[in-house]
Every structure is written in structure tokens, then in C-alpha cells.
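**Q** Listed below are the residues making up each chain.
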Amino acid sequence: MIIDAKDAGLLRDGPWFGRLPGDLQQLIVDRSVERTFRKGEYPIREGEPGKGMGVVLEGQVHLVRRVAAANEVLVDVGEAGFWFGNYGALTGGAPSIGSIVATGPVRAMFLPLAEFERIVGDEPRYYRLFSQALIDRYAHLYRHLAEIHGLPPEEWLRTRLLELAEVRRDATAQPRSAPVDLSLSHTDLARMIGVSRQTIAGLLARLEARGLVEIGFRNIRVLG
Amino acid sequence: MNGRAPILAFLRTGRWFAGLPPALQELIVQRATVERFVRGQFLIEQGTSPKGMYAVLDGTVRVTRRIADGRDLLVHVGSAGFWVGDYGTISGQTTIGSTMAETPVRALFLPAAEFERIVDDEPRHFRPFMNLLLDRYRSAFAFVAELQGLPSEARLWRRIEGIASFWRDGAPAGTPIDIPISQGELAQMVGLSRQRLSTLLGRLEAQGLIEVGFRNVRVVA
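If you read the sequences in order, they're chains A and B. The opening residue of the first sequence carries number 1 in the working numbering; numbering runs sequentially from there. The opening residue of the second sequence carries number 1 in the working numbering; numbering runs sequentially from there.
Okay, chain B solo, but in the shape it has when bound (with noise of 0.2 Å):
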């Protein structure tokens, strides 16, 4: 996947991608770059003025975000096929979570300016671009919601669910997804004791839903 007609085709894999106008489609992979990334390296800084987007080649991020107590919490994991820096690319706000490499990641970058100079150029290109946002707006509106309102059983695996669905894009219903995530972090992602969640693990397990290896959850339904 290295020339410019291998990523598109790649991209058009996913959903949102694959729902922008053709013309677009190929504005964006014209006016990216290809940029690689090592394990523990930053593509997205919480707190600093946004760079641009990127859509994960090969590899896989970490999606973090630093609450007022100074801990990284886990938000996501994403891999080939996630686009990231959505956020502040559209806003031209300052980021409101980090991005880091969590293996080799190449990833398609568009650079803001270059976001600009697309939507400047045809107004009408903004309006698929926030699709995009408006599509993460649902996932974090439902997500909030069944945080705080759905028991721990139900909770746990509707967040887990969410992040599959995510690898999941594109991919016929029913393929096996390996989450890299460990259990420290899942427990911090739904509020729960390690101990609890270790519990609630088991009964998804024994549900058929899940499979749990070493720092990995195999999302089999």
C-alpha cells in the first residue's frame, strides 16, 4: 500500500470514506502525506494547536485523554482504517486528546492547511467532512449515556462492542476482532475494580461474546 491508488481503494473499505463524493475522495489522498510512526510516538498532542487528520494505514493507536487529576485515560483503540484528529482539524480548536503509536503506525495525513485550502476551495466539501464528527458525536452521546445509566455487566460490554465496531467498519458482521487492551485499562474505561472486572469478563466469556487473552480481548460475537 504505498502509491496513491492502493490507499484510496484501502480507504474506501471504510464507511465514512467510502460515503464521501469520488472527487473528494481523491482531493484528500492528493493533498496528504504518508507519515510513519515509532511505537510510543505522539501523531496527536492533548492541549496543542490541531496539525491535521490521519487515517491508520498499518499498526495501531491509543486514544487518550488527560482528566484533571493528571492520568491518561483510554478512550479508544484504533486501528488500519481509523480516522483520528478529526476533531481539531474541523474546529481549528486545540485538541482535546492525545494519539500515540502503540506499534509501528503508517498513517495517510492531511494536514490542516491543506483541510482549509479544500473546503475554502468548495464549500460544499465541509458538510461531508463533519459527517464524520457528527458520526463520533452519536457514538460518545450514547456512549455517556450508558456509562453512567446501564449496570456494570451491560456497560462493559457495550463499550467493548463500541470499540469493535469501530475495527469492525467495513468488515463483514461476525469477524472475530482482537482488542489490545489490557484489563487495568478496561476497568478504568467502564469504573469498575479489577477484581469486578475480572468477574464480568468471565460471565461475558461464558455468554459465547468474548474471548480474553494477555492484554487482549477477542470480540468473537
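With the rest of the complex left out, here is chain A (with noise of 0.2 Å):
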């Protein structure tokens, strides 16, 4: 696909596009197609065969597991510069893990399996570095395995807050320590931590008492 400067700028900003080599991110964006997504439409749908890799332009995504007949958990949310559908694609279409689920409109560049495919059968190399993206979530949800239960809720919230934050910083080129707006209310939250939107309003309030957030509304500004 082609893409304009402002795209162009916001791969390059992301930790892990913007460490590719520059030939394998131009083959990444030839081989790529624009998709636009409304609210509530899937990018991808949990226990279906992956089709491809994408990241999110414009808009705001939900990553969701369903666990129960009624209870999917709320397990990251992305915006511009998010990757998605890494696990598909590498396993070279195993069923999907999670759903992406857009939560407003939704501008996206897709990487179709077969280009993907295309790529790495052409250059086996190029496989280890699509690999890196999902290395490093891995770091991560290793990482929550140990603390969901080991650290109590006001850490493990403010823990997953520093990350949000984190992800949005490397993706938006900003300073460690700047201030990043997290839009999310207490609803996602809630189904984020694993606990009742009535708990998160007090974890939240102690977290602003210490000076670590700011609540807005359907906005969490984190300091730290």
C-alpha cells in the first residue's frame, strides 16, 4: 500500500518496526492493504485460522480472551502503532488466541498470511526479526503469570498502568518519563485487573493520592 509522511513517521517510531532494516520495512508496507473497521467490528476473531499481522493507523483496539460463555477478559488495548495478529501469522495461521475488536473506527495496515509467507520464503532471515514483536509480549505476560495474584490489586494496577504508559511512549517517540492520557474507563480497567468497576474507583483514588495518576473522564493520566 502506499502511505503517506504521517504513517511513515508513526511506524518508524514504533520499538520494533523502527529497528527493522529499512528493506524488509518498505516490503512490509508494499505487500501491506489499508482496512478501515467500525465500532464493534472484529480485525480478528478469537479460534479463527490467523490471516495476518497488522497495525493499527488511526483508532483504538480492545484485545480480548474469551474465558467463559459470558466473560471475556480485557487483555491489552492498542492504539495507533499497535501490532496485532503476530501470533497468526508466525504459527502460520494457527487459530487465533484473542480478538481484536475495534472500539471506535478503525484505520489499520494489513499484512495478508500469504505476503507474509512470501516474505520470510524469500528470505528465512527475515522470520527471526518478525519474531522479536512477540518475544518481547512474551517478556510481558510471563511477567503477569507471576504478579496477577502475587502482587496485591493496587500494585498490579499501577503496574499494568506503567506499561500502558510504556508502550505508548516507545510507540509515540516520547520520553521516558513524560506524562502519557490513557483512554480508558473504569469499565476496561475493571475487566483489565480482574477486579469490580467499585474496586478500581478506590485503587484509582489511592494511586492519585500517591501522586502517580490523574483521573479524567474515560482518560487516566499516568505521571509516573
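Treat the hints with care, since some could be wrong.
Cβ pair distances, simulated, as ranges [to be verified]:
hint: 1; chain 1: B; residue 1: E116; chain 2: A; residue 2: L162; range: 41 to 51 Å
hint: 2; chain 1: B; residue 1: Q195; chain 2: A; residue 2: P105; range: 43 to 53 Å
hint: 3; chain 1: B; residue 1: P21; chain 2: A; residue 2: P49; range: 16 to 26 Å
hint: 4; chain 1: B; residue 1: Q195; chain 2: A; residue 2: E123; range: 26 to 36 Å
hint: 5; chain 1: B; residue 1: A206; chain 2: A; residue 2: E123; range: 54 to 64 Å
hint: 6; chain 1: A; residue 1: E123; chain 2: B; residue 2: P151; range: 27 to 37 Å
hint: 7; chain 1: B; residue 1: P151; chain 2: A; residue 2: L162; range: 20 to 30 Å
hint: 8; chain 1: B; residue 1: G19; chain 2: A; residue 2: P15; range: 48 to 58 Å
hint: 9; chain 1: B; residue 1: R31; chain 2: A; residue 2: P124; range: 13 to 23 Å
Simulated from the structure, these hints should not be mistaken for laboratory data. Here the structure is a predicted model, which is why all the values come from computation and not from measurement. For every residue, glycine included, the Cβ atom is placed at its ideal position computed from N, Cα and C.
Quick one: dock chain against chain with the hints and give me the complex.
**A** Structure (C-alpha cells):
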């Protein structure tokens, strides 16, 4: 696809894409297509074979996973610069392990699975470079596995907010300590941390009192 | 299991290794060494540069992660056939957890430099290695969601069943699996008090899914 200077800048600022060799960056862009989604649409649906990988150029998505018939856990929130579908692409089309849902209008760049396979078929060394983004996320997941119940809820919430802020800073090339606005509702956070909305309100107030966050309407500013 | 042929035959009973191209299976065993560890010795220490990856041949290992307050929380208990050290070796990054010998352990060790030599000589070999990490990624992703989204009894069962599925890897379903794990460790893993855990273990036992012993949970379902 053809991308404008703004999208190109967004991609280059990304911690994974920005470090790829220039010729691979160009290949990914050339072989990708633009996709748009309306609020509530699923760029990727849990359980369906992976169709490729993509990156949000505008808008916001939720990464969710179904854990019981009526219970979907919010695993992550992604905005411009967020890559998704890496697992499906790297496995060559295994069933997706989570869903990506558009929370509003979303514009994305999408590399179809066949094009991904063509790139790594032509140059097998590129597969390792594609793997890097997922390897980084694995380190986070592994940490979550221990901390989700090992830390008190207030610290677990703080850990998750700091991580989300770090991802936003990396995606937008901001310095380490810059305040970050996360557009998240109390409901989103409750689904993310695994507690009730009432509990979230109390935990956020404590973090605010500690000077770590500022709470607005559907917005959390992370200061630390 | 001292020569390379019996080790190769044993490793081929595991799902990941069995799925590798035969040439790569042989390469791994040729380039690896057999290492021995005494009880309490670290195979991998969190926060160090990666040395390589191990396949447990005999014995039991405990995988832990040190959290912010300095406690080491149990993430997994592995037995013969369990591969560990994949993250550090494949990523080249500082290790994200520790692995300690719970009993005397014999393990096959593929040094990181040999891994690099293998994938440098044949870049197509990287992808089969990555399949191991992708499989772990899938499990960790599911566990993290279940740990926060499921009611306590369901998440306790999923966590026990998850460990058992690693032990059962390759063995026929329905074989009882003994996991050497204390109730204190299980309680930490799923975020329950000891009392609550004990009640829930009793319920799973009553359903015929597990049998609880001293520092041991037998998964019978």
C-alpha cells in the first residue's frame, strides 16, 4: 500500500518496526493493504485461523480473550502504532488466541498471511526479525503470570498502567518520564485487572493520592 | 539414557521435539552436552545473560519468577521432557525467570552459541525453534486471561490442568500425573488464601479430578 508521511513516521517511531532493516520495512509496507473497521468490528476473531498481521494507524482496539461463555477478559488496549495478529502470522495461520475489537472507527495497515509467508520464504532470516515483537510481549505475559495474583491489587493496577504508558511512549517516541494519557474507562480497567468497578475506583483514588496518576473522564494520565 | 541415540529417542516422545525436521533433531543432540545438577542448584538464574536451553532428562525442576517485592513465585514445575531456557536462548535477552533443580537433575544442554550456529548455518531452522516459544506464548496468554477472569475454583483447576498437560506431553490422556507442589505454592499461584485453597482442592477431589497428598497433587482426570 502507499502510505503518507504521517503514517510512515508513526511506523518508524515504533520500537519493533523502527528497528527493522529498511528493505524489510519497505517490503512490509509494499505488500500490505489498508483496512478500515467500524466500532464493534473484529479485525481478528478468537478461534479463527490467523489471516495475517496488522498495525493500527488511527483509532483504538481492545485485545480480548473469552474465558467462559459470558466472560471476556480485556488483555490489552492498543492505539496508533499497536501491532496485532503476530501470533497468527508467525504460526502460519494457527487459530487466533484472542480477538481484536475496534472500539471506534479504526484504520489499519494489514499484511495478509500469504504475503507474510512470501516474505519469509524469499528471505528466511526475516522470520527472526518478525518474531521479535512477539518475544517482547512474551516477557510481559510471563511477568503477568507471576504478578497477577502475587501482587496486591493496587500494585498490580499500577504495574499495568505503567506498562501501558510505556508502550504508548515507545509507540510515539516520547521520553521516559513524559506524562501519558490513556483513554480507558473504569469498566475497561475493571475487566483488565479482574476486579469490580467499585474496587477500581478505590484503587485509582489511592494511586492518585500517591501522585502517580490523574483521573479524568474516560482518561487516566500516568505521571510516573 | 547415556548415549545420544536413547536421548534422541526419548526426546522424540515430546510434542515439540517430535515436530522438528529430523535433521534438526539430530543437530540439536549432536551439539548439546549432558549436564548434572544437585538438588537446589540453578539451571537458570533470573536476570542473567542466557546460557542456552535445557531438556530435562531425569528429575524435577521448579520455574520461578521474582516479583517486585522480592518474593520468588512458582510459575511451573517441570519433569523429564520439559524444555526450558527457550526465551533467553531465542531472544538473546536477559532471562525472565529462574529454574532450579528440585531433585538431582540430568539435562541435555544446548549452549546459546550452538543455537546461534545452527540458525546461522540454516536460517530456516529458526522457525521450528520459535514454535516452542509460540506454544508457550499461547499457554501464558490463556493463563493470564483465566487467572483474572475465571472464578477461583475454575482458575485453580485450569492452572493444575495446565501443569499436568506439560507433564502429559506425548503420554496418553488419562494417565494420572503426580505434581510435586505444596498447597502454599498453589495458593500463591492462583491468588487464594490457604484456607480457601484447601476448600477448593477438596471440591476438585470430590469431583474425582484430583487426589491431594503431602506436597503432591495427583491429576486423575
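**Q** With reference to the structure, classify each hint as holding or not holding.
**A** Verification of the supplied hints:
no.	hint	in the structure
1	B:E116 with A:L162: 41 to 51 Å	violated, 33 Å
2	B:Q195 with A:P105: 43 to 53 Å	holds, 50 Å
3	B:P21 with A:P49: 16 to 26 Å	holds, 23 Å
4	B:Q195 with A:E123: 26 to 36 Å	violated, 57 Å
5	B:A206 with A:E123: 54 to 64 Å	holds, 57 Å
6	A:E123 with B:P151: 27 to 37 Å	violated, 48 Å
7	B:P151 with A:L162: 20 to 30 Å	holds, 28 Å
8	B:G19 with A:P15: 48 to 58 Å	violated, 31 Å
9	B:R31 with A:P124: 13 to 23 Å	holds, 20 Å
The structure shown violates the earlier hints numbered 1, 4, 6 and 8.
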